[in-house]
Structures are given as structure tokens and as C-alpha cells.
Amino acid sequence: MNLRGGEGMRLELEKIPEGAGPYTTSYGFNLEVLCESIRKVGVLNPPLVARNQEGAFDIVSGYRRILALKALGEHEVLCIDVTPVLTSPPERFIAAFYENLATRKFNDIEKAIILHKLLGYDVQKDEILASFMPLLYLPSHEGTLKLYLKLLDLEENVQKALAREEISMNVAKAFVDMEKGAREILFAWINLLALNFNQQIKFIEYVHDISIKENAAFSKLLSEGSVLAIAENPRLNKPQKAKAVLEFLRVRRFPRLARAQHAVESALSSVSMPPEASIHYDPYLESPYYRLEIKFTHGKDLKRTISRLHALHELEAIPELWTG
Amino acid sequence: MNFKIKKAVLEKDAEKYPFAQRAVGQLPSSCLVGVTEGLPLQGYEEFDLEKETLQLLSFPGQLLKPCPGTREYLCCGYQILNIGTNCPLDCSYCILQAYFNQPCLRVFVNVEQELEAIGKALHLSGRKVFRIGTGEFTDSLALDPIVKWTQVLPSFVAEHENVVLEFKTKTVSIEGLLSSTYRDRIVVSWSLNSPSIAAAEEHGAPSIRKRLEAARTCQREGYTLGFHFDPLIEHPSWKEEYARTIDLLDHYVDPLKVIWLSLGCLRYMPSLKGVIRKRFPQTRILDGEFVPGLDGKMRYIKPVRIEMYGFMKEKLVQWGMESGVYLCMESSDVWQKAFGWSPENSDGLSEYLDRKAVLAFALC
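From first to last, the protein sequence lines are chains A and B. Here the first sequence is numbered in this note's numbering, starting from 1 and rising by one per residue. Here the second sequence is numbered in this note's numbering, starting from 1 and rising by one per residue.
This is chain A alone, in the form it adopts within the complex (with noise of 0.2 Å):
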């Protein structure tokens, strides 16, 4: 494949169809940084494009260079015409994919279309494995081409949430698997509450587990009073709200670690500990020790603090874990 052959030309923007066209990878992106590049040093590379059945110009790369001049309220650009060049849309579209690897990072919904496309335009799966997905940074896994095939069954938002990072592939992972219903509720409340990727992880798995084990659906759990209060209450901000939220449910899918952490706590609590230490635990209570962590510059320094923690009495009531 060599696009030497192309042919410079100036093509009318109105030409151009609306729309992504057959070969285009772009998905989720933001064209204000790519406005203001055109703006100031005008389009540096310019797009390719070739003729079509109907004998209009299909979009082979460039796609976004295209919509900025649109923006920019330009009326023509300069392109090569790779028609003679590249006669067939599987030659055009690796052409594409090529010209794009080489000069971004694709995002997962990207990367989602390019893996569809190529299945289109008869691209062996097994060529698919081995070449195209390790240059998309992808493990050579079948399981991982099915799951990014089925990422362009989501809803637009849920698509466009993740092409932007604004949730991660392991929730992209769970949410494929879920029907829509499920997966509109989660995918609300975790824009609702602003998650970040741990966060948005452990509530699916604590909403999840607390449906099956309760046998109740995702909206029930969710539209309970509990719930709601947390969420609409207005002295909280987003942060505060999506930790309240977890802990609610945290304490609901663990009742009694929940109950004896809590025990132990307010055992900790009770205990007017000098500044310089301090008791730690297991937050899981799995192992039987506590630790005491004593600060101190000097040994009678150290030998002070010994001194007090000795005449503490109330170390004494510190239960065992697991009895208080």
C-alpha cells in the first residue's frame, strides 16, 4: 500500500457528507484543542479521501480535522485523493487505522470500532487476534474480542462515558453482561454521585450481591428511603454523598463485620490515648492482634510514653476482636 500515488486537491467542505463515514475510528473526542491547533498553525497534515460507489468523497482519515474546519466556518480543504491508490473500503480502512496508531491512543470505544469494522471488511478473526489487537494494546484473547464487540451494544451515554474515562472498563465489563434496566439505574446513580473508579466498582458489586442475596431488584434497593434521604440530602456535597451512600450499603452487605467494627471502634474511642500512640487493626478483624504504633524522638521519650500508656486503665476494657 503506498499513497504516493494520491492526488492533492481542493475539496469543498459541503462536499463532504455529514457524518463518520465508512473508515472512521474518531469517538468520544473534544475538538477544542484540535480548533485552536488549526487556528493558530492551520491544518498540517492533510486528510485523505476517496470516491465512493456513488462518486462522493468518503472521510479516510481526518475525519476530525474535517468537522474543526466545519467549526472554524472554513469553506474548503486541502486533501489528498487516494482513490487510484486504494480501490478497495478494507485497503481504505487499514490505511486509516494505520495513519490514526500512529499518531494517537485510541480509546476503548475506538478501539471497539476498529475491531468491529475489521470483522466487517472480512479481516480473519484469527489475523485479528494475533496483529490487530496487540497494536491496540489488547490481550490476544477471543473473551477480550467479544467483550469489546458487545461495548457497542451500550447506550450512547454509557459509550461516551467511557471513551471519556469517566468510567472504567471493569464497570464497561459488568455493565455488558447486565440487561439495560440494571445498567440505566447504576449507571445514573453512579453519575448521581460523581464515583470514582474504586467507587464505582464496589457499588455495583455491593448493589449486586445485596440483590441477589435479598432477591430484590436494583431499582428497589435503590428508590429505598434510606437511600434517597442520602442522596437528596442537600447538606451533603457529592463526595459526602457517594461515601454515605457506600457505607449504607457496605453495612447492608456486611451486617456483622459492620456491627463489629463498629464495637471496636467505639471500644478505641473510649480510650484518651496519648497524642504520639495509637492502636491499629484488621479492618477485616481477620487477624487476632492489635498493633500499637508509638511515636518518639528519644528513648526517655519513649520511656514517657510507656509510663502513661502504663497508667492507663482504660486499656483494660479493649475487648478481644469479634467479643466486643
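Hints may be right or wrong, so weigh each one.
[What the hints assert, rightly or not] Restricting the straight-line Cα-Cα distance to at most 20 Å, the calculated cross-link-like pairs of lysine to any residue (SDA-like) are: (1) B:LYS337 to A:PRO288; (2) A:LYS173 to B:PRO236; (3) B:LYS278 to A:GLU205; (4) B:LYS278 to A:GLU179; (5) B:LYS65 to B:LYS51; (6) B:LYS278 to A:GLN124; (7) A:LYS213 to B:LYS65; (8) B:LYS297 to A:THR144; (9) B:LYS297 to A:ASP209; (10) A:LYS213 to B:THR85; (11) A:LYS213 to B:MET298; (12) A:LYS173 to B:LYS337; (13) B:LYS273 to A:GLU214; (14) B:LYS278 to A:ARG183; (15) A:LYS117 to A:LEU78; (16) B:LYS278 to A:LEU149.
Think of the hints as simulated: they come from the structure by calculation, not from any bench. Being a predicted model, the structure only gives us computed values, none of them experimental.
With chain A held as given, fit chain B onto it using these hints.
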């Protein structure tokens, strides 16, 4: 059995082994047999476990290895003889679902040759007892009608006086054992659970009653028995359910001829949860309060484990198991609280079970 091998794949370098030829000879005529350079890994994901393809191959690594216990919990000092991986049964909780990167049933055909080398090493070790088991990475007997492990392994035991070999199974494939004349220092163990867990979660495995009928047959034939309640699973009416299994044990088995019985609550690598949810969406085995243990595996919170072990121990003592009940991968404080004693550390537990073996088989 409820499973059927539809395809066998013989790796090229495995053809020369008599073990492989014998196994191929045992396959049903409907089974497709092919020779290959090796099955590709590509395309495999953990959700696509392949239970109908048998791969016969020569294993290039060490076949005998100590159980990969962790220092945070007490390990019994067991040695694993890796005769194959994966299992035709399909238990929802099986850790193997997230453990291996090969989906089909794999049997290592160089076991006889490797046993010669292993035997020499055991002879030189000077150690009194080697408790060796084959049921960690596969079921010890599920594929025995085809691969005839019960013809190969007892002769190895016969030649090494410091070896005790345990076949661990959920099946009733005991024909090979019954036709073997050598029975000394061989323990035949069944993995047990509550009848409802066995029915709902141990897909393809015989009922508890059928397993115990097979155990009774083996006991009557002179085999020493072992049992493993692992995983114990917290489920509705679990006390009544596990008591039912112990009642069945009482009906079928003489506890005085049971060498050991282990208990272990359900635990799993975090990555297994997604596999279970995907493969068995209706299962309730993940309902409990699981927390990361000190070894990184998820396990029930401590009071649940202590209650379950304490309950089981009490019932087993009532049945007649005065000694030999032990905990698999538990901490010393859980031992103490559930049983009222603890072997303190892994060496202590290992010595305890070695002594059981010495007494049961009159080892010097």
C-alpha cells in the same frame, strides 16, 4: 458417570508413552482422537471451560510439589502429585475455574517415568512419612476408568515404605481400586458437603448417599478412608443440612477406620467471584460475608468459620471421630476457638497427621 469425553487430543511427544496408548485404548469408539503439536491458548477464557476434551500430554515440570500453603495459616504439609489438571465435574465453587490457563481436561502421560525419579528422591530424603495426594488439581478418580491411575500409583506406593497416597474424589469410580490387590498405605477419600449443596452446586457429581455407598464398599474391601468437608458453605439451615450428611456417614461408614477428616470453609481468589457469577448466575454460595484473608483469598468472617467448625467437630465426635479431624488452611486462634486446641503451626499440624498415618499403617 454423567460426563462424556467426546474428543481426545494426544500431543505428539506423548504418543510414545505406554500410559497414553492404554488411555486411548479405553476411550469410547465414538470419541474423536487426534494428534497435535499442542492446543493453542488463544481464544480461551475462563468462562469457556471445556469438559469434553481430554488432552494427553507429557508434563515437562515437576510432578510432585508441596501444597502451596501460605505462612499466615496452618498448612498440613501435604505433597501434591500432579497427575492432571481440571476435572469433568463442574462444581460452582471450584477454584480451578480461575487457576489454570488451559480449559480442557489434561492428563500427564509421563507419570510412570516421573514416579521413578520421585521415588529415588523420597528414598534419599530420610523423612518418615510423605502424605501424597492426587486430588488437588483434578478429581483423583473421575477419569480413572480411562487413564487407570489406580493401576499405576499403588505399585509406586508398594515400593516406597514412607509413602501414604490419598485418592480424593467426589465420584463413585472405584472399579479400579476394587480390582487392585495392593491396599496398604492408600487412603481413599471423599469430598462431602450438605445434601442440598451437593445437589445444587456440585454439578455432575453423584449424591452424598451414592458417594458414601462407594466409601462403604471400599472400607469393606480393606481400604482406609478419609473425608473432606471442604468447602463448608453457609446456607439456609446449614446445621441441619450438614448434620444430615453426618447421619449418612454414620449409616455407611465405621469411624474407627477413618484416618482423617478435614474441614475448610469456602475461600476463593478474588478473581474467582466474577467467574462464578458469570458461569452460575443463580448460585447463592457468594451470599456470605467474605473478607480478604491474610493470604489474600476471600474467606468468611471469623465467627462464621469458628461456629461452623465447632458445630462440625461436635457432630463428628458424636459420630465417633475422636481424633483426626483437622482444619485446612486456618489460623491457630480459629483452631483454638473452634476445637479447644491448636497444633500451633504448620509443623505441628503436619506432625499430627504424620502420626495418624504412622498409627493407621503401622509405619516404623
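Cross-check of the supplied hints:
Taking the CA atoms of LYS337 (chain B) and PRO288 (chain A), the gap is near 12 Å; set against the 20 Å cutoff, the hint holds. For the hint linking LYS173 (chain A) to PRO236 (chain B), the alpha-carbon distance of about 31 Å lies beyond 20 Å, and the restraint is violated. Using a Cα cut-off of 20 Å, the hinted pair LYS278 (chain B) and GLU205 (chain A) holds, with the two alpha carbons roughly 13 Å apart. At most 20 Å may separate the alpha-carbon atoms for a hinted pair to count; LYS278 (chain B) and GLU179 (chain A) meet this at roughly 14 Å.
Taking the CA atoms of LYS65 (chain B) and LYS51 (chain B), the gap is about 25 Å. The hint is violated against a cut of 20 Å. The straight-line distance between the Cα atoms of LYS278 (chain B) and GLN124 (chain A) is roughly 28 Å, outside the 20 Å bound, and the hint therefore fails. Between LYS213 (chain A) and LYS65 (chain B) the CA atoms are separated by roughly 39 Å; this puts the pair beyond 20 Å, and the hint is violated. Between LYS297 (chain B) and THR144 (chain A) the CA atoms are separated by roughly 25 Å; this puts the pair beyond 20 Å, and the hint is violated.
Restraint check for LYS297 (chain B) and ASP209 (chain A): the C-alpha separation of about 18 Å stays at or below 20 Å, so the hint holds. Proximity of LYS213 (chain A) to THR85 (chain B) is assessed by CA-CA distance (about 33 Å); at most 20 Å being required, the pair is judged violated. Restraint check: the Cα-Cα separation between LYS213 (chain A) and MET298 (chain B) comes to about 18 Å, which is no more than 20 Å; the hinted pair holds. Distance hint between LYS173 (chain A) and LYS337 (chain B) is unfulfilled; the C-alpha atoms sit about 42 Å from each other, more than 20 Å.
A distance of roughly 18 Å separates the Cα atoms of LYS273 (chain B) and GLU214 (chain A); the hinted pair therefore holds under the 20 Å criterion. This hinted pair checks out: LYS278 (chain B) and ARG183 (chain A) have alpha carbons roughly 16 Å apart, not beyond 20 Å. Simply put, LYS117 (chain A) and LEU78 (chain A) have alpha-carbon atoms about 27 Å apart, too far for the 20 Å limit, and the pair is violated. Between the alpha carbons of LYS278 (chain B) and LEU149 (chain A) the distance comes to roughly 18 Å, so the proposed pair stays at or under 20 Å and holds.
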